[in-house]
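K.L.:
Following the hints, complete the assembly by docking chain B onto the known chain A.
2 protein chains.
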Amino acid sequence: MSEAWLDAIAFDDQGLVPVIAQDRDSGRVLMFAWADREALRRTAAEGRAVYYSRSRGKLWPKGEESGNVQEVHDIRLDCDGDVVLLSITQHGGAACHTGRESCFFHRLEGEEWVVTDPVLTDPEQLYGSHHHE
Amino acid sequence: MSEAWLDAIAFDDQGLVPVIAQDRDSGRVLMFAWADREALRRTAAEGRAVYYSRSRGKLWPKGEESGNVQEVHDIRLDCDGDVVLLSITQHGGAACHTGRESCFFHRLEGEEWVVTDPVLTDPEQLYGSHHHE
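Chains A and B supply the protein sequences, listed in that same order. First residue of the first sequence? That's 1 in our numbering, and the numbers climb one at a time after it. First residue of the second sequence? That's 1 in our numbering, and the numbers climb one at a time after it.
So that you can see chain A by itself, here it is in the shape it has in the complex (with noise of 0.2 Å):
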């Protein structure tokens, strides 16, 4: 397998590069991650997101402890080469460990932060007793 695609992309000085995540159908953006060069390679390989967790510092197979994998569709790369865009379909409906189905669910409303999204799945069924994936 050629790993040129790999080589275009601009990672950080610690390896890394964003990556935002929308669903296909929706349009909604759903998170926001990192991924390092074997990440990438495991998503395009695998068709299903593979992120990696600065907090935990490996891999992060999402959905691996939630069962909510990413099924990914499409990946794109923007004009400086070091952010990535992942279309997929969220499995399970939740992409936020909080249960909710996009991260983004803290709106400003004049000067204050309102959650405008409903906890589709308790988050202990998700994780059991771990607070994150």
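Everything labelled a hint here was simulated from the structure, so no lab data went into it. Incorrect hints may appear among the rest.
[Said to hold, decoys possible] Listed next, the stretches of chain B that the computed footprint assigns to chain A, with coverage defined by at least 3 CB atoms under 8 Å from CB atoms of chain A:
| # | stretch |
| --- | --- |
| 1 | 20-27 |
| 2 | 45-58 |
| 3 | 69-80 |
All C-beta atoms, glycine included, are put in the ideal place defined by N, C-alpha and C.
P.N.:
Below, chain B alone, put in the same frame as chain A:
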């Protein structure tokens, strides 16, 4: 003016947060940039996107040179408080400094990045002899 909403944002160790700009009508993700506290304060106050240019080390009111300002309809924050999502209208039609609608104009096809979008506006017209805003 209360700044509690800004205090709720988890800026990184460089005082920045990633910002995703999404077209309100089409849902297309147009660009990715960074903002500091002052950039977000101005974005909210002016209703136009203001970023922070890491390469130039200063505030970057989008469209300042090109006239292609981004009217901001909605400001969202993610679950961890460390990523911002703007719902915008891109004036002039081109968010990207290459003169394209979106910065995400490379799509992975097989093992190659393919350019999917036409140039709408000659970058020379946007920025004169400058390459970038």
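K.L.:
Taking each numbered hint in turn, which are not upheld by the structure, reported in ascending numerical order?
P.N.:
2
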